[in-house]
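Keeping their order, the protein sequence lines are chains A and B.
Residue numbers for the first sequence, in the numbering used here: 1 to 116.
Residue numbers for the second sequence, in the numbering used here: 117 to 228.
FYI, nobody ran anything at the bench for these hints, they're computed from the structure.
Where is the CB? At the ideal position from N, CA and C, for every residue including glycine.
Keep in mind that a hint or two might mislead.
Beyond 12 Å from chain A on every Cβ pair, some chain B residues (computed) [what the hints assert, rightly or not]:
1. S125
2. S144
3. S189
Among the chain A residues that face chain B by a calculated CB cut under 10 Å, a handful are [what the hints assert, rightly or not]:
4. P8
5. H10
6. I12
7. R31
8. Q37
9. P43
10. Q50
11. F65
12. F74
13. A93
14. P96
15. T102
16. G110
17. L116
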Amino acid sequence: DTGVSQDPRHKITKRGQNVTFRCDPISEHNRLYWYRQTLGQGPEFLTYFQNEAQLEKSRLLSDRFSAERPKGSFSTLEIQRTEQGDSAMYLCASSPSGTGYTGELFFGEGSRLTVL
Amino acid sequence: AQSVTQLGSHVSVSEGALVLLRCNYSSSVPPYLFWYVQYPNQGLQLLLKYTSAATLVKGINGFEAEFKKSETSFHLTKPSAHMSDAAEYFCAVAGTASKLTFGTGTRLQVTL
Numbered sequence: 001d002t003g004v005s006q007d008p009r010h011k012i013t014k015r016g017q018n019v020t021f022r023c024d025p026i027s028e029h030n031r032l033y034w035y036r037q038t039l040g041q042g043p044e045f046l047t048y049f050q051n052e053a054q055l056e057k058s059r060l061l062s063d064r065f066s067a068e069r070p071k072g073s074f075s076t077l078e079i080q081r082t083e084q085g086d087s088a089m090y091l092c093a094s095s096p097s098g099t100g101y102t103g104e105l106f107f108g109e110g111s112r113l114t115v116l
Numbered sequence: 117a118q119s120v121t122q123l124g125s126h127v128s129v130s131e132g133a134l135v136l137l138r139c140n141y142s143s144s145v146p147p148y149l150f151w152y153v154q155y156p157n158q159g160l161q162l163l164l165k166y167t168s169a170a171t172l173v174k175g176i177n178g179f180e181a182e183f184k185k186s187e188t189s190f191h192l193t194k195p196s197a198h199m200s201d202a203a204e205y206f207c208a209v210a211g212t213a214s215k216l217t218f219g220t221g222t223r224l225q226v227t228l
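All chains, full assembly: derive it from the sequences and hints.
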């Protein structure tokens, strides 16, 4: 079990540039979640997938944000035309689903974005 | 909708002292509750979870939490703090599809 991995761990970009983050979940997990965490705050839900289907998006996910999980395995989160307010830690988590599952999410180390 | 409130954004204890981090929840259904720990520039690690079995839940690193329905609380405790416990602690409640709603966190400082 290699855990949830995220890449890159750190990204510094200039305002207006596009950035993409990748998440590889635990292999047998069919649910994948993206959260955003700003300084001094708890993680906030952005979106989640069950297999390749994106089933829910938070209103925090503006139209500059897009997430995909094309084959139900890894996922990407792209932010277009970045703004300074996008600076945050982007956390990916995965979980299995099914009857009796008790809801624990397994988190990656996060991708920290700094927009200059 | 479910929510959690963490009382106290910063808690400071001496090494060897009792740790008490407070969490109150709001849920229209019997909740699944979690405590996670986060070290600087790292992801979140599960400490323990309540899933409607025993009300006193034991977790890793000597932490435990007690679910009290009458008080809508799920406070985290550890009898004796260690320097390595210094971190940010988050309480969370599970919603549909295991989506977690987190509190704002409590930063634990441990002093000599």
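For each hint, the structure was consulted:
With a minimum CB-CB distance of about 8 Å to chain A, B/S125 fails to clear the 12 Å threshold, and the non-interface call is violated. At roughly 16 Å from the closest C-beta of chain A, the C-beta of B/S144 stays outside 12 Å, upholding its exclusion from the interface. Under the 12 Å C-beta cut-off, the non-interface status given to B/S189 relative to chain A holds; the minimum distance is some 18 Å. For A/P8, the shortest C-beta to C-beta distance to chain B is roughly 13 Å, which exceeds 10 Å, and the interface hint is violated.
At its closest, the beta carbon of A/H10 sits 9 Å from a beta carbon of chain B; the interface hint therefore holds under the 10 Å criterion. About 14 Å separates the beta-carbon of A/I12 from the nearest beta-carbon of chain B, more than 10 Å, and the hint is not met. The closest approach between the C-beta of A/R31 and any C-beta of chain B is roughly 7 Å, which is under the 10 Å cut-off, so the hint is satisfied. Hint status for A/Q37 relative to chain B: holds, with the closest Cβ pair at about 9 Å, below 10 Å.
The closest approach between the C-beta of A/P43 and any C-beta of chain B is roughly 5 Å, which is under the 10 Å cut-off, so the hint is satisfied. With 10 Å as the threshold, the beta carbon of A/Q50 comes within range of chain B, its nearest partner Cβ sitting at about 7 Å, so the hint holds. For A/F65, the interface hint is violated, since its Cβ never comes within 10 Å of a Cβ in chain B; the closest pair sits about 17 Å apart. At its closest, the beta carbon of A/F74 sits 17 Å from a beta carbon of chain B; the interface hint therefore is violated under the 10 Å criterion.
Interface restraint check for A/A93: the shortest CB-CB distance to chain B comes to about 8 Å, inside 10 Å, so the restraint holds. Of the supplied interface hints, the one on A/P96 holds, with its beta-carbon coming within about 9 Å of a beta-carbon of chain B, less than 10 Å. The beta carbon of A/T102 is positioned within 10 Å of a beta carbon in chain B (closest approach about 4 Å), and the interface hint is therefore held. A least Cβ separation of about 5 Å between A/G110 and chain B falls short of the 10 Å threshold, and the interface hint therefore holds.
Of the supplied interface hints, the one on A/L116 is violated, with its beta-carbon coming no nearer than about 19 Å to a beta-carbon of chain B, more than 10 Å.
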